[in-house]
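Trainee: This is what each chain is made of:
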Amino acid sequence: MLSRSSISRNAPRALAAGRRAMASAANPTFQYDVSEASGVKVANREVGGATGTLALVAKAGSRYQPFPGFSDALEKFAFKTTLKRSALRITREVELLGGEISASHSRENVVLRAKFLAGDLPYFTELLAEVASSTKFADHELSEVVSDLLKLKQQAVYSNPESVAVDAAHGVAFHRGLGAAQTPSQSTPYEKYVSGDALAQFAQDAYAKSNVALVATGPNSADVTKWVGQFFKDLPAGATSGQYKVQPTQASKYFGGEQRIPSKAGNAVVVAFPGSSAFGTAGFKAEASVLAALLGGESTIKWTPGFSLLSQATKGFNQINISTKNLAYSDAGLFTVTLSGQADQIAAASKNVVDVLKKAAAGEVASEDIKKAIALAKFRALESLQTLDTGLEATGSGLVHGSKPYQIGEIAQAVEKVSEQQVKETAQSFLSGKATLISVGDVHQLPYAEDIGLTV
Amino acid sequence: MSAPSIANYIVKRPWLKRWMTPLANWYTDAAGYRKLGLKFDDLIPEESENVQKAIKRLPAKEAYDRVFRIRRAFQCSISHTLLPANEQIKPEEDVEYLSPIIREVEKEAKERADLETLTLRK
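For the record, the sequence lines run as chains W and C. Quick note: the first sequence, position 397, residue 397 per the numbering used here, numbers continuous. Quick note: the second sequence, position 112, residue 112 per the numbering used here, numbers continuous.
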């Protein structure tokens with residue numbers, strides 16, 4: 001049997017081993033090769049394997065849409081009928097080749113993804129180019145297929161109180177731009193703006209050469225550049241004029257405030273503060289991600305509340321979920337603490353959120369907890385880049401927004417360098433500035449900012 | 001929707017087309033649907049899936065006008081009258097507005113059927 005002393009003797013050694021510097025130069029598969037082929041930015045990570053992934057990241061998310069619903073409709077129009085072949089034929093061909101195609105959009109980007117067997121790279125490169133350059137945007141397809149898909153998406157998003165609250169938090173914090181609803185709510189009159197012609201014009205600008213980046217993992221870089229160069233020649237080169245253009249970037253400004261949304265779907269409270277922007281941009285602050293890991297609320301290990309301050313402070317509430325995130329964008333970020341579950345417990349636990357933040361601001365946090373938070377923040381940052389889902393978009397987004405591509409070694413270093421003092425100062429700045437508080441659900445029981453000691 | 005037609009045969013031969021055109025114009029006018037304010041595409045039988053789908057795809061204004069013409073023709077038919085000459089459809093107004101959409105729908109249905117019965121040879 002292991003004696004207690006042997007564990008405690010080995011633990012520091014294990015920690016030290018884990019802190020070994022990430023040797024990025026010696027590990028080339030972590031890095032993306034960035035190049036340009038016929039005016040389109042291409043990033044590729046050679047992994048060498050039987051399958052590959054190719055993603056087209058276009059700077060056309062809800063932040064840049066001219067009218068509500070445009071990014072959603074553009075996403076749903078991906079892989080629909082083009083001038084060369086019908087949506088049905090695209091589906092059947094992909095089925096025969098055994099690939100997977102999907103589209104999604106975030107606040108900043110529309111992402112088209114294809115996963116395929118390594119040999120099918122040319123086919124899928126051509127497919128993505130075709131979708132970007134010659135989708136038909138037929139009015140009947142909009143009314144028969146796309147608008148139904150959009151309504152289902154709205155239902156899915158707005159039946160989840162957490163996503164309603166996070167969306168409202170963006171709206172209150174940033175007003176326009178980043179604050180635009182990611183998916184228009186069911187009561188938004190978006191139908192009067194969305195039409196086939198309008199979308200076609202928006203797409204011309206959204207999929208313009210300067211507005212997209214291609215990110216691949218798996219295939220060999222020379223092949224990717226070659227096929228992208230061949231098929232992406234015909235993308236529209238620049239901006240068109242007219243009211244349906246991709247909206248120019250306007251620097252995000254944080255406002256803050258309070259909003260209460262009655263809902264029968266469930267209860268959620270979001271407490272938000274101005275956070276850190278994405279890595280490689282001017283507003284990047286590694287301490288925000290460390291503070292997010294420190295406040296936490298979610299455990300990374302089974303059957304234990306974990307070390308994070310919030311999960312320790314709210315041990316008694318077993319009917320709620322708490323999570324803390326730093327949502328990073330190209331020029332701003334939103335630091336959110338989300339509570340969801342039973343209304344009375346949320347009301348009680350939201351006081352703990354502010355108490356814990358005050359504790360962090362006063363520096364009453366064990367330095368060991370900060371060390372754990374740094375390790376977790378580093379793990380999360382690196383993992384999100386390595387995972388295909390998040391890593392492809394993050395890399396492409398970095399390319400189209402003109403910041404430097406992600407370098408894993410630098411991120412690890414930046415997170416490691418965070419000091420206790422920096423974490424303390426960040427918490428202080430949250431408490432001294434204007435906060436954002438969103439309550440969704442049974443607003444009769446959910447707290448006001450005054451009640452929990454926040455200034456909005 | 002289509003009945004057997006020799007139209008394509010005739011159109012391909014210019015001399016025959018020149019010869020047939022006056023005859024065709026006379027025949028279409030004598031058919032009398034224009035005097036009831038209808039266009040030829042209004043006469044296409046609606047009772048088929050493809051035509052129903054095509055009618056749904058009409059732009060809002062076209063769909064409204066179509067219903068208006070059909071109701072007006074109904075009234076004329078009930079009251080045994082013809083429209084006054086200035087309200088009748090002129091030959092240059094009698095254009096295909098629905099047939100292109102029907103052809104597109106039929107093409108889609110055919111493509112679907114073809115893909116559904118696809119056999120792979122490797």
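Calculated directly from the structure, the hints in this document are not laboratory data. Treat the hints with caution; some may be incorrect.
No more than 27 Å apart at the CA atoms, straight line, and that leaves these computed lysine-lysine pairs for DSS-like [unchecked claim]: (1) W/Lys136 x C/Lys35; (2) W/Lys359 x C/Lys122; (3) C/Lys39 x C/Lys61; (4) W/Lys233 x W/Lys253; (5) C/Lys39 x W/Lys192; (6) W/Lys192 x C/Lys110; (7) W/Lys115 x C/Lys107; (8) C/Lys53 x W/Lys151; (9) W/Lys153 x C/Lys56; (10) C/Lys107 x W/Lys136; (11) C/Lys122 x W/Lys136; (12) W/Lys153 x C/Lys53; (13) W/Lys151 x C/Lys122; (14) W/Lys264 x C/Lys122; (15) W/Lys192 x C/Lys61; (16) C/Lys39 x W/Lys84; (17) W/Lys151 x C/Lys39.
Every value quoted in this text rests on a predicted model; they were computed, and no experiment measured them.
Trainee: Hint by hint, say whether it matches the structure.
Mentor: How the hints compare with the structure:
The straight-line distance between the Cα atoms of lysine 136 of chain W and lysine 35 of chain C is roughly 39 Å, outside the 27 Å bound, and the hint therefore fails. With a C-alpha separation of about 69 Å, the suggested pairing of lysine 359 of chain W with lysine 122 of chain C is violated against the 27 Å cut-off. Between the alpha carbons of lysine 39 of chain C and lysine 61 of chain C the distance comes to roughly 15 Å, so the proposed pair stays at or under 27 Å and holds. Pair hint lysine 233 of chain W plus lysine 253 of chain W does not hold up; C-alpha atoms about 37 Å apart against a cutoff of 27 Å.
Distance hint between lysine 39 of chain C and lysine 192 of chain W is unfulfilled; the C-alpha atoms sit about 31 Å from each other, more than 27 Å. Our distance criterion of 27 Å between C-alpha atoms is broken by lysine 192 of chain W and lysine 110 of chain C, whose separation comes to about 34 Å. A hinted pair counts as satisfied when its Cα atoms are at most 27 Å apart, and lysine 115 of chain W with lysine 107 of chain C does not qualify at roughly 30 Å. Among the hinted pairs, lysine 53 of chain C with lysine 151 of chain W is consistent with the structure: their alpha-carbon atoms are about 21 Å apart, no more than 27 Å.
Restraint check for lysine 153 of chain W and lysine 56 of chain C: satisfied, since their Cα atoms lie roughly 24 Å apart, inside the 27 Å limit. Annotation: proposed proximity of lysine 107 of chain C to lysine 136 of chain W holds, straight-line Cα distance about 16 Å (limit 27 Å). Annotation: proposed proximity of lysine 122 of chain C to lysine 136 of chain W is violated, straight-line Cα distance about 32 Å (limit 27 Å). At roughly 25 Å between alpha-carbon atoms, lysine 153 of chain W and lysine 53 of chain C fall within 27 Å of each other, so this suggested pair holds.
In summary, the hint linking lysine 151 of chain W to lysine 122 of chain C is not supported, as the alpha carbons are separated by about 41 Å, beyond the 27 Å threshold. Using a Cα cut-off of 27 Å, the hinted pair lysine 264 of chain W and lysine 122 of chain C is violated, with the two alpha carbons roughly 56 Å apart. Restraint check for lysine 192 of chain W and lysine 61 of chain C: satisfied, since their Cα atoms lie roughly 16 Å apart, inside the 27 Å limit. Taking the CA atoms of lysine 39 of chain C and lysine 84 of chain W, the gap is near 32 Å; set against the 27 Å cutoff, the hint is violated.
Using a Cα cut-off of 27 Å, the hinted pair lysine 151 of chain W and lysine 39 of chain C is violated, with the two alpha carbons roughly 37 Å apart.
Of the numbered hints listed earlier, those contradicted by the structure are 1, 2, 4, 5, 6, 7, 11, 13, 14, 16, 17.
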